Structure formats: structure tokens, C-alpha cells
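Student: Residue-level listing of the chains:
2 protein chains.
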Amino acid sequence: MTQKTIETVETPAVLIDEGVARRNITRYQAYCDEHDLALRPHIKTHKLPHFAKLQMEAGAVGITCQKMSEAEAMADGGLEDILITYNILGAAKRERLRLLAERVPRLAVTVDNAVTVRGLSETFAASGKPLPVLIECNTGADRCGVATPQDALALARMVSDSPGLMLRGLMTYPPVGGGAAVAAFMGAAKALLEDAGLACDVISSGGSPDMWTASAEAGVTEYRIGTYIYNDRSLVTRGVCTWDDCALSVLTTVVSTPASGRAIVDAGSKTLTSDLFSLTGHGHVLGHDDVSVARLSEEHGTLEWDGGDRFAIGERIRIVPNHVCVVSNMVDQVWLIGADGGLAPYAVAARGGIT
Amino acid sequence: MTQKTIETVETPAVLIDEGVARRNITRYQAYCDEHDLALRPHIKTHKLPHFAKLQMEAGAVGITCQKMSEAEAMADGGLEDILITYNILGAAKRERLRLLAERVPRLAVTVDNAVTVRGLSETFAASGKPLPVLIECNTGADRCGVATPQDALALARMVSDSPGLMLRGLMTYPPVGGGAAVAAFMGAAKALLEDAGLACDVISSGGSPDMWTASAEAGVTEYRIGTYIYNDRSLVTRGVCTWDDCALSVLTTVVSTPASGRAIVDAGSKTLTSDLFSLTGHGHVLGHDDVSVARLSEEHGTLEWDGGDRFAIGERIRIVPNHVCVVSNMVDQVWLIGADGGLAPYAVAARGGIT
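If you're matching them up, the sequences are chains A and B in order. For what it's worth, the numbering used here labels the leading residue of the first sequence as 1, then goes sequentially. For what it's worth, the numbering used here labels the leading residue of the second sequence as 356, then goes sequentially.
What the hints contain is simulated information worked out from the structure, not anything from laboratory work. Just so we're clear, the structure is a prediction, and the values are computed from it rather than from any experiment. Even for Gly, the Cβ is constructed at its ideal location relative to N, Cα and C. All clues given are correct.
Label pairs and their calculated CB-CB ranges:
| id | chain 1 | residue 1 | chain 2 | residue 2 | range |
| --- | --- | --- | --- | --- | --- |
| 1 | A | Gly177 | B | Gly616 | 23 to 29 Å |
| 2 | B | Gly693 | A | Thr8 | 45 to 51 Å |
| 3 | B | Leu454 | A | Gly307 | 38 to 44 Å |
Given only the sequences and the hints, what does the whole structure look like? Please build it.
Tutor: This is the structure:
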């Protein structure tokens with residue numbers, strides 16, 4: 001079987017420029033090194049042990065996962081330091097966590113409520129290896145997280161008193177631009193914990209939009225980001241990176257040119273997804289700044305521009321999606337673009353398991 | 356291994372009430388039978404040969420697929436009459452189509468341009484079995500399709516003159532409420548084809564929102580719909596069905612209750628998807644009409660209501676998604692709810708292959 005190229009691979013196809021991804025890894029690791037921040041990349045973006053290992057080799061302290069199946073796939077791939085930033089609930093998931101802890105040298109989780117703490121303690125009390133736990137704090141994103149530093153102290157006390165658990169510190173997923181709120185909340189909570197004689201070795205924050213101002217979040221010891229390895233239209237639009245920094249694109253074929261100013265491609269919402277992230281349109285057509293990905297149906301994308309002929313039927317174009325993390329999740333396989341332009345298929349190890 | 360139930364299966368999980376799905380199949384088949392319409396269900400909604408076969412047994416004339424991988428999965432499952440409503444382009448896909456035609460007794464495609472026609476003719480000219488082709492017409496949805504009945508005639512003539520191809524008729528995917536436009540366009544095009552001595556045995560229209568007025572689309576011989584087998588929030592909102600007719604729901608666990616009027620569940624955009632379909636919110640919480648699925652991140656859903664406590668951490672709730680077709684596409688496995696309440700895992704055969 002001859003090697004596939006951008007001209008011969010079937011479309012739609014998710015392409016990854018490995019050189020660009022490596023450059024993104026190196027560049028942000030250098031920023032973290034310079035500012036004395038531990039970097040803990042979130043693998044939800046790529047779901048590939050291959051890239052998680054490159055992130056570790058570059059100097060990351062460990063990786064972040066968002067669910068059990070991601071963590072299990074990373075453990076299968078040999079990753080040894082995993083933080084699952086999620087309340088792990090229910091007997092079945094706790095048992096998976098216990099089994100995972102037996103084979104991952106450093107495995108930790110976050111909690112924001114007493115029910116989760118009680119369950120984890122029940123599972124890990126008999127274990128010879130206590131489970132490290134961070135308290136999730138709400139610094140304004142209004143998703144999970146305890147509401148106040150006092151609440152953080154109360155839950156930290158409970159963790160500290162719970163057999164099988166080991167308090168490690170605090171964690172937050174802040175809103176964009178929330179650096180000052182993070183510093184205020186975490187500073188107050190850390191002071192309360194220390195006054196109470198409780199451990200607070202780690203203060204973990206994150207988020208790609210604010211990645212270049214992470215060092216301004218006073219007190220934060222660790223930063224978690226995912227998207228930075230591939231980048232996407234949302235981050236280019238925010239000024240966080242340029243199109244040249246985008247490692248992932250969706251290769252698609254023009255299948256119809258039914259009217260002036262309109263063309264249809266074979267990538268729809270089942271490839272690009274419907275994530276808008278407050279943007280207009282569904283992606284950026286590389287090399288055609290004035291063309292919008294105006295609408296998606298499941299297997300069709302509708303391109304629109306100011307009229308006239310532009311694309312030929314059968315022509316291949318590349319679209320940078322609004323949000324890369326959800327695109328990796330759509331496909332069983334991505335294609336890594338080699339230095340010679342050849343494409344190597346790569347299975348997306350952590351896709352498919354939704355639990 | 357004991358059988359899973361709604362209380363024990365890990366979440367998030369996609370549940371299908373097979374009794375409701377069967378009732379939906381039967382009810383719409385009865386409508387089509389009464390109105391002398393051939394029904395050709397679109398399997399993009401369920402991607403399961405199991406349900407495609409039930410649709411055929413109920414009286415469907417065949418099935419509709421949107422891409423090669425769906426059609427191949429259905430052929431593997433024993434389906435024998437498949438229409439792929441897509442311009443099949445490129446040497447690799449045409450070769451897959453040729454191989455598929457060898458094992459599917461009745462396989463047809465649609466075209467809306469000369470490039471596609473030339474390619475298909477090249478591939479099928481040497482075959483002993485000509486490929487049936489429908490001309491795709493734009494009746495106002497402004498996706499694919501020739502623009503006028505005259506254009507339909509010109510392309511039909513080309514198909515008719517192309518070795519290896521056999522003209523079957525016309526096809527459209529109309530806009531919602533487009534029945535009158537369909538009747539006008541298709542009536543005019545059919546008259547032109549018949550005047551020219553060209554075959555127009557099939558006039559195929561479709562769309563779930565207008566399913567109960569399909570019979571008003573004068574001249575249409577065949578109707579294609581997908582969503583009706585499961586139904587979803589978009590169709591309930593349009594008045595096409597009720598919550599009791601919704602066969603698919605996402606079972607999810609409350610993982611955090613961080614504030615009055617807010618709870619977080621373990622189903623996010625990687626399960627429910629971001630499809631809005633012009634709705635506000637991301638799904639309907641069964642039994643809690645006043646609770647909105649206000650925001651999704653990848654693995655979290657944020658429920659909001661008018662304040663107060665409502666859900667307990669660990670509680671399981673069911674969400675009917677905005678759009679079911681894209682939810683089936685997110686998971687490798689769904690769970691069929693049996694009459695005894697037990698859950699049977701079922702692999703989603705046609706998921707994963709994006710080409």
C-alpha cells in the first residue's frame with residue numbers, strides 16, 4: 001500500500017502537522033520554565049499517548065485528564081503522572097479509579113463536595129497507597145467548585161481527616177481573564193489551609209485563552225492547558241496564536257458548486273462539530289480569508305463568499321476548526337503529516353469511551 | 356456479569372427505548388402507506404442495521420445513507436436497497452462504490468454536477484450493472500442541488516447519455532415548510548424530463564419537521580426521514596411529536612451541586628454535542644420542565660433553574676438532546692432498554708468511519 005498524501009487520502013480527514021505541534025509544546029514549556037510554573041497539559045485535546053509523551057519529554061510535570069476512559073488510555077500508553085480534574089462518583093467508576101491507581105505511579109483527582117470525598121475514602125481506605133486530592137474552587141466560571149475560601153477549608157479538612165485520602169492543595173478552572181480572581185481566591189484559601197495546618201503544596205489553574213498571562217496569577221504553582229498543542233480558530237481570534245501555529249486542520253473536498261458565492265464540502269457537523277465559541281461561522285478556510293463556513297449539516301459544510309466562482313468540484317481545501325478538542329473526539333484516526341508531506345495514520349487511543 | 360440497569364450502568368450513557376422506537380417506525384409507515392408514499396428511512400439517525408431491518412420489515416422501500424462508510428456498514432448488516440444521497444467523488448470513493456454495488460442488490464446515488472457524473476460513468480461503464488442515479492434539485496435549502504428545472508433536465512440528459520449510469524428520477528432535501536416549492540420545482544422538472552423522453556420514476560423528498568404534511572408535496576413518490584425513529588427536542592418543540600415519543604435519552608449523573616439553582620452533570624458537548632437547532636439550551640431534562648441545560652463544556656453540563664435545591668449529588672437524570680442524529684454518532688455503544696427495564700449494549704455499527 002503506497003503512502004497516503006494530502007492529494008490521495010480520503011476526505012474528510014483530520015490532519016496534524018507534527019512539526020507545528022512540537023513547536024507549540026516547546027514554546028509553552030519554555031514560558032512555564034521561565035516563570036517557574038509546573039505545566040500539566042490536558043490531553044483531552046489530542047487523546048494520543050504519543051503527544052502526551054512528547055509533552056512529558058519537553059518538561060511537563062504530568063498530564064491532566066477529564067474522565068476515567070482518558071486516564072485509562074493514557075496509563076495504557078505508559079503515562080505515569082495523571083490528574084483527573086473531575087468528581088469521580090459511583091461504585092463502578094471508583095473501582096476503575098482504584099485499579100488505575102495500582103498501575104499509575106502518581107494519580108490524583110479533584111473534589112468539590114462531601115459525597116465525592118466519602119465515596120473516595122471508602123474505596124481507598126483499605127488501599128496501602130492514599131489517593132492525592134485537590135479541592136476544586138469556583139473562581140468565577142460557575143461550573144464546579146466550592147464557592148468560598150471558607151468552603152475550601154471545610155472540604156480540605158474533611159479530605160485531610162478521611163482515611164485513604166491525602167490532601168494536596170487547590171485547583172480551579174477559571175473564566176477567561178480571571179487571573180486576578182484566581183489569585184484572590186487561592187491566596188485566601190491557601191492562607192486558611194496553612195493556618196489550619198493543612199497541606200497546600202499545589203495550586204493548579206489553567207485555560208488556553210490566558211496562557212500567556214498565566215504567570216500573573218499570583219500563587220499559582222501549576223498550569224493546565226490543552227488546546228495550545230494544536231491551537232484553533234478560537235485562539236487565533238483571541239490573539240493567542242496565528243494560523244501558522246495551528247497544527248490541526250480538516251482536509252475536505254468540494255463536492256458541489258451549486259451557485260455563485262457558494263460551495264459545498266464534505267465536512268459537516270459530524271467532523272467539524274457545532275461548537276461556535278461565540279464565533280460566527282464554523283471554521284477558517286486556509287488561504288481563503290474571505291470565505292465563511294456559513295452552515296453545517298451533518299455531512300455537508302456550506303462555504304459562502306461575496307459571489308463569483310472560486311472553487312472547483314473535487315478541489316481539496318483545509319479548514320481550521322473553531323475548537324480542536326472536540327474534533328479529535330470525532331474520529332477514530334488522525335493523519336500525522338511527516339516532513340516529506342507523507343501522511344501516517346494514527347489511532348486516537350482515548351476516543352470512543354464516553355465514561 | 357449481571358445485567359446493567361438504569362441504576363447501575365456507568366454514565367453518561369445513551370439509552371434507547373426500543374418499544375418507543377418501534378412505535379415510531381410503525382406509526383410513520385402507516386402514514387406513508389395511507390398516502391401511497393414510499394418510505395426510505397435515513398439511517399444516519401441510528402446507524403444500526405438492527406433498526407434499519409425493523410424499518411424494512413415494517414414496509415420501507417429501502418434505506419438512505421449519507422456517506423460510503425454508512426452504506427458499507429448497512430451492507431455488512433444485510434440491507435439490500437440503499438440510496439446514498441451524496442455526490443460520490445474521487446477515485447478511492449468511486450472504487451468503494453463499485454465494490455459496494457457488487458454486493459448490494461439495489462444501490463443508487465444522487466448527483467448535482469457534471470464532474471460527479473463523468474467520474475461515476477468512468478467507474479461503472481465497464482460494470483455489467485448500471486448505477487441508478489437521481490438528480491439532486493435545490494428547492495430552497497440552498498445546500499446542494501441544481502438551481503432550476505432546466506438545469507435538472509440538462510444533467511438528466513447527461514446521466515442518460517453516460518455509459519454505466521441509469522437515470523431514475525429526481526431528489527431534493529427541501530427547507531422546512533418547503534412543500535409547495537418542492538411540488539412546483541419537481542412538477543416542472545418531471546414535465547421537462549418526460550417531454551424529453553427521459554425516465555423520472557422516482558421523485559424523492561424528505562425531512563422530519565414536515566413529516567406529517569409529506570403527502571401534500573404533490574408529485575413526490577418517496578419520502579426520506581431519519582430523526583422520526585428516535586425523535587428529539589427539536590421535533591417536540593416544533594410540535595411534530597411529544598416527549599413520550601422520544602426513544603433516545605442521555606442518562607447522566609449529577610456530579611456537583613455548587614450553588615442554589617445550579618447543578619453539574621457528567622454529560623457535556625462530547626456526548627450531547629453543541630447542536631442548537633435555533634433552540635435555547637442543550638436539551639430537555641425529563642421530569643424537570645423548568646430546568647435548562649444552560650451550558651456545556653466537553654465533559655460537564657450545567658443545569659440551571661430558578662433557585663433552591665433540586666438534585667442530589669449522585670442522582671441520575673435523563674436528558675433528551677436537541678438533535679439525536681449527532682448523539683448516536685458520538686458513542687461506540689448505545690443501550691437498548693428492554694421490557695423488563697434491563698439494558699442491552701448495542702454497538703453503533705456505522706460510527707467512527709468519517710469518510
